[in-house]
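So the sequences go chain by chain: U, C and G. So for the first sequence, the working numbering puts the first residue at 0; every next one is plus one. So for the second sequence, the working numbering puts the first residue at 0; every next one is plus one. So for the third sequence, the working numbering puts the first residue at 0; every next one is plus one.
If you're looking for bench data, these hints aren't it; they were derived computationally from the structure. Among these hints, one or two may not hold up.
[Said to hold, decoys possible] These stretches of chain G come out as covered by chain U in the derived footprint (C-beta under 8 angstroms, 3 or more residues):
#1 164-174
#2 355-363
[Said to hold, decoys possible] Mimicking PhoX-like on lysine-lysine, the simulated pairs with C-alpha atoms at most 20 angstroms apart in a straight line are:
#3 Lys257(G) - Lys294(G)
#4 Lys257(C) - Lys365(U)
#5 Lys361(U) - Lys366(G)
#6 Lys366(C) - Lys365(G)
#7 Lys361(C) - Lys366(G)
#8 Lys33(G) - Lys75(G)
#9 Lys330(C) - Lys294(C)
#10 Lys225(C) - Lys40(U)
In this text the structure is predicted, and so the values were computed from the model without any measurement. Built from N, CA and C at the ideal position, the CB exists for glycine as well.
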Amino acid sequence: MRAPKFWGTLPGDGCLVKLVLHTRRLFIKVVQMKLSELAEKTGSVIDSGSPDVEINGAAGLDIAVSGDISFLANPKYTPQIADTNASAIILNNDAAITRDDIAVLRASDPYLAYTRTLRLFHPETPIAPSIHSTAVIDPSAEVAENVEIMANVVIGRNCSISSGVKIFPNATIYDAVSIGENSVIHSGVSIRENCVIGRNCTIHNNTTIGSDGFGYAKDEAKRWLKIPQVGRVVLEDDVEIGANSAIDCASVGETRIKRGAKIDNLVQIGHSCTVDEDALICSQTGLAGSSVIGKRVILAGQVGIAGHLTVGDDAVITAKSATSHDIEPGKVISGIPGFDNREWLRSTAAYRRLGEIAQRLKQLEKKVLGGDK
Amino acid sequence: MRAPKFWGTLPGDGCLVKLVLHTRRLFIKVVQMKLSELAEKTGSVIDSGSPDVEINGAAGLDIAVSGDISFLANPKYTPQIADTNASAIILNNDAAITRDDIAVLRASDPYLAYTRTLRLFHPETPIAPSIHSTAVIDPSAEVAENVEIMANVVIGRNCSISSGVKIFPNATIYDAVSIGENSVIHSGVSIRENCVIGRNCTIHNNTTIGSDGFGYAKDEAKRWLKIPQVGRVVLEDDVEIGANSAIDCASVGETRIKRGAKIDNLVQIGHSCTVDEDALICSQTGLAGSSVIGKRVILAGQVGIAGHLTVGDDAVITAKSATSHDIEPGKVISGIPGFDNREWLRSTAAYRRLGEIAQRLKQLEKKVLGGDK
Amino acid sequence: MRAPKFWGTLPGDGCLVKLVLHTRRLFIKVVQMKLSELAEKTGSVIDSGSPDVEINGAAGLDIAVSGDISFLANPKYTPQIADTNASAIILNNDAAITRDDIAVLRASDPYLAYTRTLRLFHPETPIAPSIHSTAVIDPSAEVAENVEIMANVVIGRNCSISSGVKIFPNATIYDAVSIGENSVIHSGVSIRENCVIGRNCTIHNNTTIGSDGFGYAKDEAKRWLKIPQVGRVVLEDDVEIGANSAIDCASVGETRIKRGAKIDNLVQIGHSCTVDEDALICSQTGLAGSSVIGKRVILAGQVGIAGHLTVGDDAVITAKSATSHDIEPGKVISGIPGFDNREWLRSTAAYRRLGEIAQRLKQLEKKVLGGDK
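So here's chain U without its partners, still in its complex pose:
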């Protein structure tokens, strides 16, 4: 159930504004927008409904309220159109709609247009430049003027904190870390020595960047001798890392997450890995050391990638799968170990009857080979 909204009218920038309670960005002016303006800003066109309809928010079909705009991207949810309280809906160019009491926008990608709509209604909170009195910042750190550093943040020697950076409470930045413009570091995050965070990155709570890689050699007494882990982690620009994830530094050299890659919660990135641009790594996936994940690769939830291998650009590895071999670009892979997804679907279908299959084979052997089997 959606949280109630309470409305007020405040002076705005040429448009009505409202106060929204119980959303993440409290006390922010949220734009109220005419359908025509929304269409223009999201790259969609009005198919039906008045261009002057006022839209107050955006939400999924099931939880939208009157005044909201919603969307249909997956035909599975078509039945929800009949029941939605939304005042407008974004559809693709082919989708039919029988209701005539809802304004309709058309877009080639309704999900993308909806995302742009949400972003209009929920702009990022601007930072409130300030450094809390309880923050502990080493005098050797270079901190730009326009930053927001909250309570109990600790920043080590020779760090560089750029303009627009926001660091939430109880985060720890070790020595010689560099954080690029407009990046957001949430509470409980630890960033270890010498790591580099690019611009417009977001690191969610309790994530660790740059912990030691897991490397040991076995000595003559069969005990583990630690291999020094003195490399670093580099996040390029526009990288987002979820909560409670761990990205290890390289032993020597670096672990690199390239521009635009997105990493979910509870993900493990081993030492010396490279995650290329716009890759998407879902929750609880793990990469062992020195692997390379290509551009726009999607690793679904709980995937495992062994060490020292390459997943080619645009490949997809489906949930709970694993690979210990290189994956060619563009392939869709499933299973443990992973192979072609279509073959895997056939195998899983047969697997459900594997007990019966074994039984049938035995029967057949009896018939063909006689009773000796």
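Assemble the complex: chain U is given as a structure, and chains C and G must be docked to it using the hints.
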């Protein structure tokens, strides 16, 4: 090996008390109790042994010491009865016992009776109302009088902290969070904006509540455009969340963990999920977005649940299994993807011989179809 | 790409030293060393090259620069020898090399010799004894003189912190915790009541030691009744735990990680488990309660171990596998549930063709049994 105990006699409430060192609740008076009283308070009956035997503690058969009471729930551990040092044991109504030097209590559910016994010997430590001088609490937060807020806790604007709440050091409570009566927040926990924590909840260390859901739309340049995540997380009453878990907020709307649900360590709950009452989610399990986990469902360790599906009430998904389809109430499911547990057991048995099965099929083909295969 | 190095000459202990920027241990003097000295200290012998060649660092073949020493342990990387910029290489006694512009050391275990080399070039940073003014240390805690306790660390009642201990910012040490000599606790770590950390242990960021085990009994109303978790966790000497892991305390008794065991990131260790000496547990592996992991066992990434079982000494469980049964010493196990690795390899090979196998069986049945099938 169990930690040694040192005894002392302190004024008590009509019964002997002792000091226990090396247990989690130091310096707490722990009740010493006659067998008769224990039986009464745990819903069990004395089968043999003096009602006046004094019991000092409770522990498993293998580590119990003289003066302890133990239990047998799983017949697998029956042999341990011969060797245990316990002075008393809780058995179900059918279990035989040959030793006559141990007092015997009978209960229909010995595990439950043992749990009640442990709870008698280890009552919760009452809070010591206080706010540490290093805690940073926004003046707009409403904080009840009877709370214990420890060092370096940070509490944001417009929060509401109810009576009996205990917050351990270095926890971070973002703006507009509400925490219900008698809830315990451990060190390193982060609770993000607008989340609601019910009464009698416990959140263990370094867990994140309300981090952004993992949602992006692909734009025309094949880059990921972030979908705003402005919803919240609601934990209803009596919810317990383990350590280092992450529960994401909804994009719009809420993620809800209902009354009495228990979630273990390193669990991922995706945005907009609902976990219904008394569900049990074991360690390292992950839920993608918008799924519904029914009442009393048990998800064992390392389970994966795909998005937008429903697991019916009382269903069980066994360890390391996954589902991308709805699960009917009461079903027991195993495998990747999951299917009926009994069928899965047959399939796994055959799978161990699959190499041989394939070989036998080939032989049979040769025999039937001739040498051309 | 490896970070650039800037050199300087500083007074040293009878050998040249250098300053290394962009490595984890800033501003540390790093020894420059003659090949002869390196050979001696790593137990290797010079096969070719001048004993007086000066070596400045160590790195993998692909990223080594001139002046570095590298190594070859896995023949897979032999082709990299042709392209490496390293000035010296450690090879085993059999490996051939055609380049004569690289000095060659021979060692029976090049990986171990390389590890020792790296350790020579990157010695541990000595602690800078100090207690930061913002640390909150209960007066009842015993803290040795020679410790480094950083900003916002919180240490509870009756703790014991030994000489040489280093605690990074925002770590929380609950009551009655003992930390042995020379152990390192990274930022964001929580160590719960009564836990014991041995000597020379390292615990990486945001890890939780001693959170409550996940134990509940179902009551008559089918609700979960919490089983008190009042035991502790003991880490013996030389244990290393990665980032964002969780090790639960026992209900009664203890969870024990024995001497020299190494545990990676995001690992779950359930209550009352024992991990024996020199075991190696890789990332995202989970142990349910009361299991025993033998000496030198290797659990690869994302492995699952059910409760109350024993994995024998020197056993290996490969990545993403699971077991719900005891494993004999020395076995190599794969699959869910796990069985002999060689059999599993045969089964996985057949599994890729399982759809086709089922189809062929059907054809054969038709042929043998007639068209009725």
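Query - Pair hint outcome, lysine 366(C) versus lysine 365(G) [Cα-Cα no greater than 20 angstroms] - result: 15 angstroms, holds
Requested in this report: Given the hint that lysine 257(G) pairs with lysine 294(G), test it: the Cα-Cα distance must not exceed 20 angstroms.
Outcome: With Cα atoms ~9 angstroms apart, lysine 257(G) and lysine 294(G) stay inside 20 angstroms; holds.
Query raised in the report: For the pair supplied as a hint, lysine 33(G) and lysine 75(G), is the alpha-carbon distance within the 20 angstroms limit?
Result: 29 angstroms, violated
Report task. Take a quick look at whether lysine 361(C) and lysine 366(G) sit within 20 angstroms of each other, Cα to Cα. Result -> Roughly 15 angstroms between the alpha carbons, so the hint for lysine 361(C) and lysine 366(G) holds.
Query raised in the report: Under the criterion that the straight-line Cα-Cα distance not exceed 20 angstroms, is the pair lysine 330(C), lysine 294(C) satisfied?
Result: Roughly 13 angstroms between the alpha carbons, so the hint for lysine 330(C) and lysine 294(C) holds.
Requested in this report: Below or equal to 20 angstroms on CA atoms is what counts here, so check lysine 361(U) against lysine 366(G).
Outcome: Distance ~16 angstroms between lysine 361(U) and lysine 366(G) Cα, so the pair holds.
Query - Claimed coverage, the stretch 164-174 of chain G by chain U - three or more beta carbons nearer than 8 angstroms - result: holds (count 3)
Query raised in the report: Do three or more residues of the stretch 355-363 of chain G come closer than 8 angstroms to chain U, measuring C-beta to C-beta?
Result: Result for this restraint: holds, n = 5.
Requested in this report: Measure nothing beyond the straight line between the CA atoms of lysine 225(C) and lysine 40(U); if it is 20 angstroms or shorter, mark the hint as holding.
Outcome: 16 angstroms, holds
Query - Pair hint lysine 257(C) and lysine 365(U), alpha-carbon separation not exceeding 20 angstroms - result: Measuring from Cα to Cα gives roughly 56 angstroms; hence the hint is violated.
Hint check: violations occur at hints 4 and 8; the rest are consistent with the structure.
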